[in-house]
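Sequences listed follow chains A and B, in order.
To convert a position in the first sequence, counted from 1, into this note's numbering, add 59.
To convert a position in the second sequence, counted from 1, into this note's numbering, add 59.
None of these hints come from the bench; they were simulated from the model.
Heads up, some of the hints might be wrong.
Listed below are the simulated PhoX-like cross-link pairs for lysine-lysine, each with C-alpha atoms no more than 25 Å apart in a straight line [stated by the list, open to error]: (1) A:K245 to A:K310; (2) B:K182 to A:K245; (3) B:K245 to B:K310; (4) B:K245 to A:K182.
Footprint (simulated), chain B over chain A, 3 or more residues, beta carbon under 8 Å [said to hold, decoys possible]: (5) 218 to 229; (6) 244 to 251; (7) 266 to 273.
Everything numeric in this text was worked out from a predicted model, so none of it was measured.
Backbone N, C-alpha and C define an ideal beta-carbon position, used for all residues, glycine too.
There are 2 protein chains.
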Amino acid sequence: MSAAAAVRQDGPLALVCGGGTLPLAVAESVSKRGRVVVVFALRGHADPTLVARYPHHWLRVGQLGAFTRLAHAAGCRDVVFIGSLIRPTLWNLRPDFRALMLLPRIMAAYRGGDNHLLSGVSKIVEDQGFRLIGAHEVAPEILVSEGALGHIDASAQHRQDITFGFDYLRASGAFDIGQAVVVAGKHVLAVEAVEGTDQMLARVADLRAAGRIGAPEGIGVLVKAPKPGQDRRFDLPSIGPKTVAGVVRAKLAGIAVVGGTTVIAEPERVVNEADHAGIFVVGVPGGNEQ
Amino acid sequence: MSAAAAVRQDGPLALVCGGGTLPLAVAESVSKRGRVVVVFALRGHADPTLVARYPHHWLRVGQLGAFTRLAHAAGCRDVVFIGSLIRPTLWNLRPDFRALMLLPRIMAAYRGGDNHLLSGVSKIVEDQGFRLIGAHEVAPEILVSEGALGHIDASAQHRQDITFGFDYLRASGAFDIGQAVVVAGKHVLAVEAVEGTDQMLARVADLRAAGRIGAPEGIGVLVKAPKPGQDRRFDLPSIGPKTVAGVVRAKLAGIAVVGGTTVIAEPERVVNEADHAGIFVVGVPGGNEQ
Numbered sequence: 060m061s062a063a064a065a066v067r068q069d070g071p072l073a074l075v076c077g078g079g080t081l082p083l084a085v086a087e088s089v090s091k092r093g094r095v096v097v098v099f100a101l102r103g104h105a106d107p108t109l110v111a112r113y114p115h116h117w118l119r120v121g122q123l124g125a126f127t128r129l130a131h132a133a134g135c136r137d138v139v140f141i142g143s144l145i146r147p148t149l150w151n152l153r154p155d156f157r158a159l160m161l162l163p164r165i166m167a168a169y170r171g172g173d174n175h176l177l178s179g180v181s182k183i184v185e186d187q188g189f190r191l192i193g194a195h196e197v198a199p200e201i202l203v204s205e206g207a208l209g210h211i212d213a214s215a216q217h218r219q220d221i222t223f224g225f226d227y228l229r230a231s232g233a234f235d236i237g238q239a240v241v242v243a244g245k246h247v248l249a250v251e252a253v254e255g256t257d258q259m260l261a262r263v264a265d266l267r268a269a270g271r272i273g274a275p276e277g278i279g280v281l282v283k284a285p286k287p288g289q290d291r292r293f294d295l296p297s298i299g300p301k302t303v304a305g306v307v308r309a310k311l312a313g314i315a316v317v318g319g320t321t322v323i324a325e326p327e328r329v330v331n332e333a334d335h336a337g338i339f340v341v342g343v344p345g346g347n348e349q
Numbered sequence: 060m061s062a063a064a065a066v067r068q069d070g071p072l073a074l075v076c077g078g079g080t081l082p083l084a085v086a087e088s089v090s091k092r093g094r095v096v097v098v099f100a101l102r103g104h105a106d107p108t109l110v111a112r113y114p115h116h117w118l119r120v121g122q123l124g125a126f127t128r129l130a131h132a133a134g135c136r137d138v139v140f141i142g143s144l145i146r147p148t149l150w151n152l153r154p155d156f157r158a159l160m161l162l163p164r165i166m167a168a169y170r171g172g173d174n175h176l177l178s179g180v181s182k183i184v185e186d187q188g189f190r191l192i193g194a195h196e197v198a199p200e201i202l203v204s205e206g207a208l209g210h211i212d213a214s215a216q217h218r219q220d221i222t223f224g225f226d227y228l229r230a231s232g233a234f235d236i237g238q239a240v241v242v243a244g245k246h247v248l249a250v251e252a253v254e255g256t257d258q259m260l261a262r263v264a265d266l267r268a269a270g271r272i273g274a275p276e277g278i279g280v281l282v283k284a285p286k287p288g289q290d291r292r293f294d295l296p297s298i299g300p301k302t303v304a305g306v307v308r309a310k311l312a313g314i315a316v317v318g319g320t321t322v323i324a325e326p327e328r329v330v331n332e333a334d335h336a337g338i339f340v341v342g343v344p345g346g347n348e349q
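Just need the whole structure built from these sequences, with the hints factored in.
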């Protein structure tokens with residue numbers, strides 16, 4: 060922890076922000092600790108309201124040269140990536156000159172699964188003289204703790220589905236696939252890949268409405284876990300109010316994530332809305348084995 | 060084979076027909092061999108045009124008593140299930156008296172994954188004095204052979220995606236999940252669960268249109284395989300003209316299935332349409348390991 064603590068105080072922090080409310084939570088947490096935050100807002104992803112509260116620069120994905128210059132000028136050595144970012148196509152990247160010079164490496168990182176992409180990108184960022192750290196290292200309160208977050212806990216039956224889901228995600232993680240699955244009565248209803256958790260939950264709601272799900276309403280759990288070998292500085296599984304809304308629409312019983320390695324956006328709202336809807340949100344121990 | 064050959068000639072064949080054109084192909088093939096076919100058409104699933112060509116009875120899913128009585132009266136001992144059948148909800152089952160008596164066992168079969176459901180159902184059918192056999196045993200020409208079906212073959216790059224896909228399906232099959240996956244550049248774009256292959260392909264097309272797929276058009280393969288331990292008398296992976304159309308819309312390079320353990324509907328049309336669209340359809344050896 061002392062090394063991490065030293066890192067946190069090492070000058071202004073460059074916060075590269077995608078979409079959602081998580082970047083705001085991280086920026087607030089880091090600011091409260093007395094560290095200067097410089098926001099690099101990704102155009103088309105980051106929320107302009109958040110951006111206005113901090114010293115900031117707007118960037119397009121792919122503007123590596125501009126980022127390097129501006130972040131160095133602001134005295135940032137540590138960089139945190141946070142927020143949702145829909146995987147851009149190469150066509151949309153519009154790389155600047157420096158990124159263009161690195162294009163062969165970016166292309167190599169682009170092939171293969173997400174882990175491959177992310178580790179390639181982090182290597183490139185570090186080669187520019189930055190230190191890439193995880194959002195949870197500078198704002199540990201964004202992580203889900205272990206146990207039930209609200210008033211409702213998972214039953215023994217739900218625990219069986221949760222175990223089944225984690226077992227599946229451990230097996231499929233070797234193939235660098237998505238981080239989420241919906242399990243009902245030990246039957247997998249949906250597996251997340253490129254579409255993301257929200258779209259997967261919408262699919263389950265549609266299948267339910269079409270009478271194609273055998274399990275009755277109130278049976279079924281959304282299970283999320285980090286992929287084995289996932290670079291946690293870059294991409295932890297996350298949940299938020301949208302996740303709760305999706306689970307409610309899909310008429311599932313609750314949400315299970317790995318405690319200590321899952322990020323939560325707007326935790327109070329998540330707990331209130333989950334309690335109100337009668338669904339559980341649990342952090343399950345075992346992040347180390349995932 | 061001699062036992063199988065004996066089975067084929069054992070009196071009239073009860074053909075329980077779901078949707079699609081496969082039941083027609085099987086009925087034709089069996090009839091051509093000189094065996095009487097009695098069609099049991101599932102209401103809401105089977106095609107009335109097919110049904111009209113053969114002695115037939117309409118049944119609802121769940122009418123086990125009626126099926127048993129009618130099939131015995133027709134002198135059928137062998138039963139083949141063929142055609143698509145959207146997994147019915149218990150609510151829609153409307154079981155008749157005999158099925159009601161067996162409800163605890165049907166319920167038990169209903170929990171868990173598809174394999175569990177299917178093996179439960181086949182056990183129940185066999186307990187009524189029938190012998191459940193595979194459609195491919197009475198109509199071997201419905202199976203995909205090994206090698207390229209049309210003029211186009213998979214390249215070395217596509218072969219890597221195919222191997223990756225089969226490896227994934229072998230690992231995920233232990234969890235009794237769907238039988239198909241879309242792989243592009245060793246990156247999994249979509250995994251099939253309850254939604255089925257057609258809906259999964261539609262999702263890939265949507266993600267592509269939304270710019271959320273990094274791989275360029277013409278990279279990516281639909282890979283299908285039987286689940287390990289799957290009851291092949293009941294549920295083999297299948298492809299048909301709809302699959303080709305879905306692959307074309309998703310802008311993938313082709314389709315890979317396991318030769319000898321995959322059913323193909325309207326093979327000539329599949330080959331013509333695949334050739335015309337410039338996509339490959341290959342049967343890969345290795346059904347035994349799947």
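Exercise. Checking C-beta pairs, does the segment 218 to 229 of chain A have three or more residues closer than 8 Å to chain B?
Worked result: Satisfied; 3 residues make the cut.
Exercise. Under the criterion that the straight-line Cα-Cα distance not exceed 25 Å, is the pair K245 (chain A), K310 (chain A) satisfied?
Worked result: Given pair K245 (chain A), K310 (chain A) holds - Cα atoms ~16 Å apart, limit 25 Å.
Exercise. Count the residues of the segment 244 to 251 of chain A with a beta-carbon closer than 8 Å to any beta-carbon of chain B: does the count reach three?
Worked result: holds (count 8)
For this session: For the pair supplied as a hint, K245 (chain B) and K310 (chain B), confirm whether the alpha-carbon distance does not exceed 25 Å.
Result: 16 Å, holds
Problem set entry | Per-stretch coverage check for the segment 266 to 273 of chain A, three Cβ contacts closer than 8 Å to chain B | holds (count 5)
For this session: Mind checking the alpha carbons of K182 (chain B) and K245 (chain A) for me, to see if they're no more than 25 Å apart?
Result: 21 Å, holds
Exercise. Between K245 (chain B) and K182 (chain A), does the CA-CA distance stay at or below 25 Å?
Worked result: This hinted pair holds, its Cα atoms lying about 21 Å apart.
In terms of the numbered hints stated before, the structure departs from none.
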